[in-house]
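Peer 1: These protein sequence lines are chains V and Y, in that order.
For this note's numbering, count along the first sequence from 1 and bump the result up by 233.
For this note's numbering, count along the second sequence from 1 and bump the result up by 233.
These aren't lab readings, by the way, just hints derived from the structure by calculation.
Any given hint could turn out to be false.
A pair holds if it fits inside one copy or across any two, identical chains being indistinguishable in the list.
To be verified - In silico DMTMM-like cross-links for lysine to aspartate or glutamate, where the CA-CA straight-line distance does not exceed 25 Å: (1) LYS466 / GLU345; (2) LYS293 / ASP283; (3) LYS398 / ASP443; (4) LYS466 / ASP329; (5) LYS466 / ASP340; (6) LYS466 / ASP294; (7) LYS466 / ASP418; (8) LYS293 / ASP443; (9) LYS466 / GLU291; (10) LYS293 / GLU364; (11) LYS293 / ASP315; (12) LYS293 / ASP340; (13) LYS398 / ASP456.
There are 2 protein chains.
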Amino acid sequence: MPNPTAAMLVIGDEILSGRTRDSNMHHLAGELTRRGITLVEVRVVSDSRDAIMTAVRELKDRADHVFTSGGIGPTHDDITADCIAAAFGVSIDVRDDARALMAAHYDRQGMEFNAARMRMARIPEGATLIENPVSVAPGFTLGNVHVMAGVPTVFQAMVASVLPKLTGGAPLQSQTLRIDRGEGDVAGPLGELAAEYPELSIGSYPFQRDGAYGTNIVIRGTDGPMVSAAMAKLAQLFPGTPA
Amino acid sequence: MPNPTAAMLVIGDEILSGRTRDSNMHHLAGELTRRGITLVEVRVVSDSRDAIMTAVRELKDRADHVFTSGGIGPTHDDITADCIAAAFGVSIDVRDDARALMAAHYDRQGMEFNAARMRMARIPEGATLIENPVSVAPGFTLGNVHVMAGVPTVFQAMVASVLPKLTGGAPLQSQTLRIDRGEGDVAGPLGELAAEYPELSIGSYPFQRDGAYGTNIVIRGTDGPMVSAAMAKLAQLFPGTPA
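Go ahead and model the full structure; you've got the sequences and the hints to work with.
Peer 2: Here's what the structure looks like:
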């Protein structure tokens, strides 16, 4: 059985303008791989209703799970929750359990639970909450879409809340061989090896160090013994390289 | 006149598996903003023919320019050039000028110009070459799609070759105000300011430092005096904050 698939939607003008460097994609990619879920596509879109809704509608049909990052704070440009509700055709309103969590949090902090913060208790009908141990305002799961904050510490905490509840697949096994030759010298034999093992993903990553060319070959697959067998053949093709 | 738009397509299993952290998106985003071109969407897809062709077809109709990153090396999984040719319905073959550039380069380096490296001289019919001052093998522009390498030093050099040839728009002006209050305290007045200036993009970025909450407000737009006027109002709303 093939592994479950995932797509990610990063929402935020600040990423597209180059002001902020996204780090949530790399974090989620690594966590999904460890869990045996294949990340098939990532999209980054602006804080625009049309852009968010188009992307959500397309991605939720394309992958088993969709993870969104960003746009669920208290300000005017935080429109993700409304867009998700609209994409699923359900209503959205302040929900009692989310409001209670947040009221208790702001009370402890001595901060005002004002109208802007109350927006973060708005949850689409039928969603389940995603715990936020960092700053309390919850994310939510609606259908196969997991809606999470963009602030990296909060995003990571929410990923840690959600992933254990999902059915994973066979974790990806990965082995790497460093070959001290240019990618163009490796490419021919490597292509033949890849054709011999269609179930494996064989990638080559060239580098240059102290003026010398080298290539890291990464062999990935869910069948560990097969990965090892392909790696042994590769090492035979390029003897004298580090194990 | 609105600024020209761009989309980016990052191609590579290694990004989606979490092995490699993409840095090309952040670089391109900053360069486009400086040039007055609005990046409206980024997609990351795997080294799969279907995924690349679907994304290229959709993005080239959605934005004035599409920039791709990755998948133009010498190995079996480098299929970007073929997919772009197929997406435009044109043929692809080794082209004399690209082959001559590369033959001279490998000759100088004392490296074999073998069949694998020759693949990098395959250019779709009707494309123009993008110079690669780092490792010579060229990128290309076909229609509104600019096809570039994934290795960051090469990608950056190719961006530097392409961008001066494009018509830019009014560069985005940006001003930032740090407010030493939580985002939820800022959100109400900020929403009113945003409604007053629909032409501007007003973003808020919360942070926590030494246990205290703060929010950076970024006001962006192509009309510099308007950005300054909105920023002056914001500073009045939150007096006593650093200028």
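Peer 1: I want to check one pair: LYS398 and ASP443. Are their C-alpha atoms no more than 25 Å apart within a copy, between two copies, both, or neither?
Peer 2: Classified as neither; 47 Å inside a copy, 34 Å across copies.
Peer 1: Is it within, between, both or neither when you check LYS466 against ASP418 at 25 Å Cα-Cα?
Peer 2: Within one copy, since 17 Å is at most 25 Å while 62 Å is not.
Peer 1: Is the C-alpha distance from LYS466 to GLU345 at most 25 Å within one copy, between copies, in both cases, or in neither?
Peer 2: between (65 Å within a copy, 24 Å between copies)
Peer 1: At most 25 Å between alpha carbons: which applies to LYS293 and ASP315, within, between, both or neither?
Peer 2: within (16 Å within a copy, 28 Å between copies)
Peer 1: For the identical chains here, do LYS293 and ASP340 meet the 25 Å Cα criterion within one copy, between copies, both, or neither?
Peer 2: Neither way: LYS293 and ASP340 sit 37 Å apart in one copy and 51 Å across, limit 25 Å.
Peer 1: Up to 25 Å between alpha-carbons, please classify LYS293 paired with GLU364: within, between, both or neither.
Peer 2: So LYS293 and GLU364 pass the 25 Å test inside one copy only (22 Å; across, 39 Å).
Peer 1: Checking an output row: LYS466 and ASP329, CA cutoff 25 Å. Within, between, both or neither?
Peer 2: neither (60 Å within a copy, 36 Å between copies)
Peer 1: At 25 Å max between alpha carbons, let me know whether LYS398 reaches ASP456 within a copy, between copies, both or neither.
Peer 2: Only inside one copy: LYS398 and ASP456 sit 24 Å apart there, 48 Å across copies, limit 25 Å.
Peer 1: How do LYS293 and ASP443 come out at 25 Å by Cα distance, when the copy is not named: within, between, both, or neither?
Peer 2: For LYS293 and ASP443, neither the intra-copy (46 Å) nor the inter-copy (39 Å) Cα distance is at most 25 Å.
Peer 1: At most 25 Å between CA atoms: does that hold for LYS466 and GLU291 within a copy, between copies, both, or neither?
Peer 2: Neither way: LYS466 and GLU291 sit 41 Å apart in one copy and 40 Å across, limit 25 Å.
Peer 1: Evaluate LYS466 and ASP340 at a C-alpha cut-off of 25 Å and name the case that applies: within, between, both or neither.
Peer 2: This pair counts as neither: shortest intra-copy Cα distance 63 Å, inter-copy 31 Å.
Peer 1: Within a copy, between copies, both or neither: which one fits LYS466 and ASP294 at a CA-CA cutoff of 25 Å?
Peer 2: Neither: 39 Å inside a copy, 44 Å across copies.
Consistency note: the structure conflicts with the earlier hints numbered 3, 4, 5, 6, 8, 9 and 12.
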